[in-house]
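Based on the hints, put chain B in the right spot on chain A.
2 protein chains.
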Amino acid sequence: MSAAILIDGQPPLEEARALHASERGFHYGDGVFETALVRDERVRFLDDHLSRLAHGCKSLNIQAPRRAVLQADIARLSTGCAMGILKIIVSRGAGTRGYRPDAHAGEPTRFVAMYPALPRAPARPIRLRWCETRLSRNARLAGIKHLNRLEQVLAQAEWRDDRIAEGLMLDTEGELVSGTASNIFLLRDGMLATPDLRFCGVQGVMRAQVIRAAAGLGIAVVEEPLWPHDLEQASEVFVTNAVRGIRPVQALGNLRWSETTVACRLKKVLEC
Amino acid sequence: MSAAILIDGQPPLEEARALHASERGFHYGDGVFETALVRDERVRFLDDHLSRLAHGCKSLNIQAPRRAVLQADIARLSTGCAMGILKIIVSRGAGTRGYRPDAHAGEPTRFVAMYPALPRAPARPIRLRWCETRLSRNARLAGIKHLNRLEQVLAQAEWRDDRIAEGLMLDTEGELVSGTASNIFLLRDGMLATPDLRFCGVQGVMRAQVIRAAAGLGIAVVEEPLWPHDLEQASEVFVTNAVRGIRPVQALGNLRWSETTVACRLKKVLEC
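Here the protein sequences come in this chain order: A and B. Read left to right, the first sequence gives residues 1 to 272 (our numbering). Read left to right, the second sequence gives residues 1 to 272 (our numbering).
Just chain A, same shape as in the assembly:
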C-alpha cells in the first residue's frame, strides 16, 4: 500500500530515503500525529484535526506549522481523491544528540501523506477483545496524539484473528481507557458514558464529535472513570475513530449486545 507523501511540502525523491538521520521523531518519538478520513477530496473534521495537532504541538513546545501551510499540503494530496486516509506528523525535526530539544534547532518536520482507503464496508456490529498490554498513566501526556505508541503496537500485535475488529485497553491500574485505535462509549440508563482520559488515552476527534452530536439529540454524555465491570451494565456499546467512524459492538468475551439504536442515530447525524 503506497502513499503520496509530502515532507516539508516536497515529495521525497525516494520513499526509502525521505527522513533525516537525526530526525527526533525517529530517535525519541518527539512529535504528534493525526489520521483523518478523506471523502470526495474533503478531509472530514479537518478543523478538529488541525486544532488537536496545534494543541499537541503546544503541549510539547514544538512550533506548529501554520494552518495555511498544512492546508496547502493537504489540498495538494486530496485533489482527485475520492476516498483516502490522510496522515499528518509534526515532529521536532532533526536535532543534535541527546534528549534535550536544541533551542537553536531547525524547523519541525512536516510530514503529510495520503494512503488509499478501501470503500467502507457496511456497518455491521463488531467484536472486541481484551488486550493484555496496559496503557501507562501520565497526566502530562494524556489526551495528546503523540508519537510514543509502543503500547498500542504491542496491544495490536496480540491478535491476528480478522473476526476481532478491535482490542480494548485498560490502564496499569485496571481502569478502562479505550480501544487500541478508538475511543469507547457505553449506554447506561439512557445516558452515554465514556472514559475521561485524565491519565491516558487520546482525545479522539470522533469522540468529540459524538459528544457534541449526542447533546444535539438530547442524549447526556458523562466523561468519567470507567472500569471493565461497567461494560456488564451497558445496554449498548460502540467505538469511535476518525477514519472508521462509529462502530456498534456486538460482543466482547462472554458479553453480548444487540442494541445499536444510539450508535445508528449518531452515525446518521455525523454521516460516518
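These are calculated hints, taken from the structure and not from any lab test. It is possible that part of the hints are untrue.
[To be verified] Derived Cβ-Cβ restraints for the label pairs, each shown as a range:
1) B:Arg66 - A:Glu224: 45 to 53 Å
2) B:Arg256 - A:Gln71: 50 to 58 Å
3) B:Ala103 - A:Ala75: 34 to 42 Å
Ideal Cβ positions, reconstructed from N, Cα and C, are used throughout, including at glycine.
Same frame as chain A, now just chain B:
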C-alpha cells in the same frame, strides 16, 4: 555536530534523506537503542550493550540483527576513533499504515552512528535538580531502552542552566526512578541502594557494571523501591551512564554531599 552513519550497513547518500517514510521508529517509536562510549577504537562494555539491545528486541518481538553484523558496522565506524559516542538503533523498519506490526514486513532498520565526543572533563561532583515531568509506570516496558522517550525529552527541556548536570525523575506515584539519562545510587549505612526499576526506567549498562564491581569490592547493593526522602539519609550519592561514567553528586536542592569515596573506588575499578 555531525556523525558518521550506517543504515543497514550503508552510509546514506545524504544525512537529510536517510530513513524510509514509513519507518515505524518514526511513526510509533517502534524500536530500541543503545548509546555507548568509544575510547581508542574500542566500545566500552560492548557485550553488555549488544545483550541489552537483543533483549529489548526480543521483548518487542523485533528480529534483532545478528551480532556479527552489528559488530561489523561498529568496527567500520570505530576505526581511527580515539574518543566517540556510538549510537545504535534497531527499529521494526518500514511498515504499512497502522499500529499492528506487519507479519510480512521487511527487515528491521539497523542504524549505527558515531558522534564526536569531547575529551572527558575532570570528574568534579555534579549538581542535580528535580524534574517536574514524571515517568509513567508500565511493567511491560520497564527496563527496556525503547524509542518512546517523550518523558525524557520534556524533563530535559525543563532547565537550561549548565551548572545543573542532571535532573532526577520520579514516577507518577512519586517513587524515585532515575536521572533523565542516568541511573542513581545512594550509600546508606555502608550499603548501596538503587531503584529496582520494576515499573519504569532503563536497566543501565553502567548500572549493571556498578552492581558487579561493588560486589567485587565487598560493598552490598540492594535494588529496591526508593523515594525522595531516601536521599536525605544518604551519605553519598552518584549517578551512572555508559557515556559519562560514574558521577558523584554534591548537591540536589538543599541537600549537600561531600563524600565521594565509594564513587571514586568504583570509578577506578571500572576505569570510567
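So, going through the hints one by one against the coordinates:
1. B:Arg66 - A:Glu224: 45 to 53 Å: 51 Å, holds
2. B:Arg256 - A:Gln71: 50 to 58 Å: 55 Å, holds
3. B:Ala103 - A:Ala75: 34 to 42 Å: 36 Å, holds
Every hint from the earlier list agrees with this structure, and none is contradicted.
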